[in-house]
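If you use this note's numbering, the sequence shown corresponds to residues 483 to 568, in order.
If you're looking for bench data, these hints aren't it; they were derived computationally from the structure.
Here a beta-carbon is modelled for each residue, glycine too, at the ideal position from N, C-alpha and C.
There's no promise every hint is true.
In silico lysine to any residue, SDA-like type, Cα no more than 25 Å apart, as pairs [as the list claims (entries may be wrong)]: (1) 516 / 502; (2) 516 / 496; (3) 556 / 520; (4) 516 / 541; (5) 497 / 539; (6) 556 / 530; (7) 556 / 542; (8) 521 / 553; (9) 521 / 508.
If you anchor each label on the Cβ, the simulated ranges turn out as follows [to be verified]: (10) 531 / 565: 10 to 20 Å; (11) 543 / 568: 30 to 40 Å; (12) 568 / 498: 19 to 29 Å; (13) 560 / 520: 11 to 21 Å; (14) 510 / 567: 33 to 43 Å; (15) 561 / 529: 12 to 22 Å; (16) 567 / 521: 32 to 42 Å; (17) 568 / 546: 30 to 40 Å; (18) 560 / 514: 16 to 26 Å.
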Amino acid sequence: MRLLLLALLPLALAKSVLVTFPEGTPDDVIRESKESLEKAGGTITHTFNLIKGYSAEAPDVAIQQVSPQSGPYKAAVEDDSPVSIA
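Please model the complete structure; the sequences and the hints are all you need to start from.
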């Protein structure tokens with residue numbers, strides 16, 4: 483029972499995020515970002531085609547892994563939330 487709870491804990495602490503990169507970001511940078519997020523316990527839920535980026539479910543520790551700390555290709559990470567027209 484404890485093992486099951488420990489296995490499910492990261493999922494319970496996960497949040498939905500959108501990760502986008504500046505125009506011109508090489509595909510390798512985005513691929514490495516996705517791999518880092520998955521290795522840290524996140525799950526990619528969608529890869530965007532019109533913009534450079536993806537959506538994911540991930541705990542905070544995984545989200546911190548998605549972007550290089552310096553350089554021209556820094557990712558923008560935002561909480562994913564419903565959008566409506568008022």
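Results of checking the hints against the structure:
no.	hint	verdict
1	516 / 502	holds, 11 Å
2	516 / 496	holds, 16 Å
3	556 / 520	holds, 18 Å
4	516 / 541	holds, 14 Å
5	497 / 539	holds, 5 Å
6	556 / 530	holds, 17 Å
7	556 / 542	holds, 17 Å
8	521 / 553	holds, 22 Å
9	521 / 508	holds, 21 Å
10	531 / 565: 10 to 20 Å	holds, 18 Å
11	543 / 568: 30 to 40 Å	holds, 35 Å
12	568 / 498: 19 to 29 Å	holds, 22 Å
13	560 / 520: 11 to 21 Å	holds, 19 Å
14	510 / 567: 33 to 43 Å	holds, 37 Å
15	561 / 529: 12 to 22 Å	holds, 19 Å
16	567 / 521: 32 to 42 Å	holds, 38 Å
17	568 / 546: 30 to 40 Å	holds, 33 Å
18	560 / 514: 16 to 26 Å	holds, 20 Å
Taken one by one, the earlier hints all hold for this structure without exception.
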